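Could you put the whole structure together from the sequences, leaning on the hints where they help?
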Amino acid sequence: MKMQSLRLRAFIVMACFSLLSLEGWADADPPARVARLGYASGAVSFSSDTDNDWVPATLNRPLTNGDRLWTNPQARAEIQVGGALIRMNGETNFTMVNYDDQIAQLQLNQGTLNVRVRRLEPGQVFEVDTPNFAFTLREPGEYRLEVNPESNATDIVVRKGQGEAYADGTTYVIDPRQPYRFKGNQLKSYDFIDVPRLDEFDRWTRDRDRQIDTSVSARYVSPDVVGYQDLDAYGNWREEPSYGHVWIPSRVPMGWAPYRDGHWAWINPWGWTWVDDAPWGFAVSHYGRWTFLAGTWGWVPGPIRARAYYAPALVVFIGGDNFTLSLSSSNVSGIAWFPLGPREVYRPPYQASPRYIDNINRSNTVIHNTVINTTQVNKIVYVNRQVPGAVIAVPTSAFVQSHPVPKAAVRVPRDILTHAPATGMVPPAPRERGQREPSGQGERKPGRQVERPNDTKIVVPPTPQTVRTAPVAATPATNEQPPKATPVERTRETRVNPERRLKPIQSPRPTQELAPAPVPTPATQVTPVVRVVPVAPVTQPNTQPTGRPLHRPITPTEQPKPSVPATQQEKPIIVKPAEVRAPVAMPKHQPQTQSPVQAEPKAEPHVQKPQRGEKSPSEVKKDVEELKREEEKHKPKG
Numbered sequence: 011m012k013m014q015s016l017r018l019r020a021f022i023v024m025a026c027f028s029l030l031s032l033e034g035w036a037d038a039d040p041p042a043r044v045a046r047l048g049y050a051s052g053a054v055s056f057s058s059d060t061d062n063d064w065v066p067a068t069l070n071r072p073l074t075n076g077d078r079l080w081t082n083p084q085a086r087a088e089i090q091v092g093g094a095l096i097r098m099n100g101e102t103n104f105t106m107v108n109y110d111d112q113i114a115q116l117q118l119n120q121g122t123l124n125v126r127v128r129r130l131e132p133g134q135v136f137e138v139d140t141p142n143f144a145f146t147l148r149e150p151g152e153y154r155l156e157v158n159p160e161s162n163a164t165d166i167v168v169r170k171g172q173g174e175a176y177a178d179g180t181t182y183v184i185d186p187r188q189p190y191r192f193k194g195n196q197l198k199s200y201d202f203i204d205v206p207r208l209d210e211f212d213r214w215t216r217d218r219d220r221q222i223d224t225s226v227s228a229r230y231v232s233p234d235v236v237g238y239q240d241l242d243a244y245g246n247w248r249e250e251p252s253y254g255h256v257w258i259p260s261r262v263p264m265g266w267a268p269y270r271d272g273h274w275a276w277i278n279p280w281g282w283t284w285v286d287d288a289p290w291g292f293a294v295s296h297y298g299r300w301t302f303l304a305g306t307w308g309w310v311p312g313p314i315r316a317r318a319y320y321a322p323a324l325v326v327f328i329g330g331d332n333f334t335l336s337l338s339s340s341n342v343s344g345i346a347w348f349p350l351g352p353r354e355v356y357r358p359p360y361q362a363s364p365r366y367i368d369n370i371n372r373s374n375t376v377i378h379n380t381v382i383n384t385t386q387v388n389k390i391v392y393v394n395r396q397v398p399g400a401v402i403a404v405p406t407s408a409f410v411q412s413h414p415v416p417k418a419a420v421r422v423p424r425d426i427l428t429h430a431p432a433t434g435m436v437p438p439a440p441r442e443r444g445q446r447e448p449s450g451q452g453e454r455k456p457g458r459q460v461e462r463p464n465d466t467k468i469v470v471p472p473t474p475q476t477v478r479t480a481p482v483a484a485t486p487a488t489n490e491q492p493p494k495a496t497p498v499e500r501t502r503e504t505r506v507n508p509e510r511r512l513k514p515i516q517s518p519r520p521t522q523e524l525a526p527a528p529v530p531t532p533a534t535q536v537t538p539v540v541r542v543v544p545v546a547p548v549t550q551p552n553t554q555p556t557g558r559p560l561h562r563p564i565t566p567t568e569q570p571k572p573s574v575p576a577t578q579q580e581k582p583i584i585v586k587p588a589e590v591r592a593p594v595a596m597p598k599h600q601p602q603t604q605s606p607v608q609a610e611p612k613a614e615p616h617v618q619k620p621q622r623g624e625k626s627p628s629e630v631k632k633d634v635e636e637l638k639r640e641e642e643k644h645k646p647k648g
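One gets our numbering by counting positions in the sequence shown from 1 and adding 10 to each.
Bear in mind the hints are in silico, worked out from the structure with no lab data behind them.
DSSO-like mimics (lysine-lysine), calculated; alpha carbons at most 30 Å apart, straight line:
#, residue 1, residue 2
1, K170, K193
2, K631, K643
3, K643, K632
4, K170, K198
Label-pair restraints from in silico Cβ distances:
#, residue 1, residue 2, range
5, I390, Y360, 15 to 25 Å
6, R424, R261, 21 to 31 Å
7, P313, D204, 39 to 49 Å
8, P150, N341, 48 to 58 Å
9, R128, P431, 42 to 52 Å
As the structure is a computational prediction, the values presented were derived from the model and not from experiment.
Yeah, the Cβ is synthetic: ideal placement off N, Cα and C, and Gly gets one too.
Given below as structure tokens:
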């Protein structure tokens, strides 16, 4: 019995250790979705979280936490994220504050953003921070935010959807009924503004939306695949018996192969990431698999109904410590790679849990085996390794310095590439983390306005327990108070938590609705009995409104109530037409006071009070009796 008890305890200890190990792996997993700079016209500058220098932005570069973008006058840019599109107008300063599977937290220091949210998954939060407030997008829709640094004001226009503006412990619900202009960082000063007409920037945004809404590629790929809309103009879809629908690029030179035109860049948290030069190269480099069909390359997307997992590069690295390349001067260490084929397993070179490895493979290709084997890499026969020109090799120095691959590629005899060991190892991170990536344009720096201190109070999200239990504001009628939770502090000195797994901001706070612009009430057509009714003073637009709960609809004629206590309010007497009612029953006589102790009034029958000019019932009865007596006098006797 003792031996069995010891074995049971040992088994429990091992099981707990395994669970802790799995949790540690899961915490180390990178996000499954990514943001991408998908379009740029004019001068667009970029600055990473590890480098304060501004360089020309590179298309198809994944954006991570802390990355910044600046558009010069007349320039525009489009950032594509999972389920949303962010458009930047000229002279706009944008920062990717925090982005992972659950949060999209952006920062607008100045300029104009058009944000279109196509879908929000359960539990996902989308927030735009400005110098005046933090705006959380609650529903899919179309939103426009414009920050004017000179007047310290932010205009917000909700064309479709609904959101919450939060600052200094106060939250207002904003919807398409009324645009607003906020000044300061406490939401105490705001103005009603007219719905702006569509300008050139809005029309350009609508054109981009139509291209995405009518995309043919949307029929064959998962909606989580970033950049699939770019495939329509650069290739065609055809159905293959072995793989289903396959996309064939139509504008590639002879001898082209995947992962050839571009460069490698170190991007946290994934590490070495492929940045393709082709405008359509993002989706085909980070999702799906490549196959060689009758002399041409074709891209095979993953299952359309599965959630797509982003990968920095779906390739197999070959080489190792003893892999060298022969140059004209001497032999140098090198590294080579080739694209994965359909049904082949991707082994991330970064730390990841078994569950993550399983998800990233099953969402990007069809895996028939139940358990994905991530060992014995050298014993696997990869189909694309045998394709002429598929394996690309560069010196290790060119790889880590992000040199363009077409210029740095070295021809290697096929027999050497065939016998070189496949490995999951890649070069370590570069020593100079702030090195610049290649760009064909001259360096452009943003204007002086970008360097101004930002007054945005960056959100430090609460713990997951607080997020799930924090309710919306309590209903005033029931006087229920929300449970206490850790407050969310927003200070200028607060920096964003560098950890990836920050949680959404949903702290317990009073949630209010801004009243729309006042609408005059038409005069009533019925002439009722006039009553004198005391009415509270009307709140002006520049005063602080008092909130209403989220679930209570607001009518167009309602005005924000004053927050001054009732004892301090002036109540002018205003004649207000009252609704038509039946006459009120009044007691016939008032009770008289007989002593210092006031006697209780006697109950009188409820008699309808006659109107002015009419006789009471007793007077009418008296007149009838008097008439009868007169008739009796004049009646002949006998």
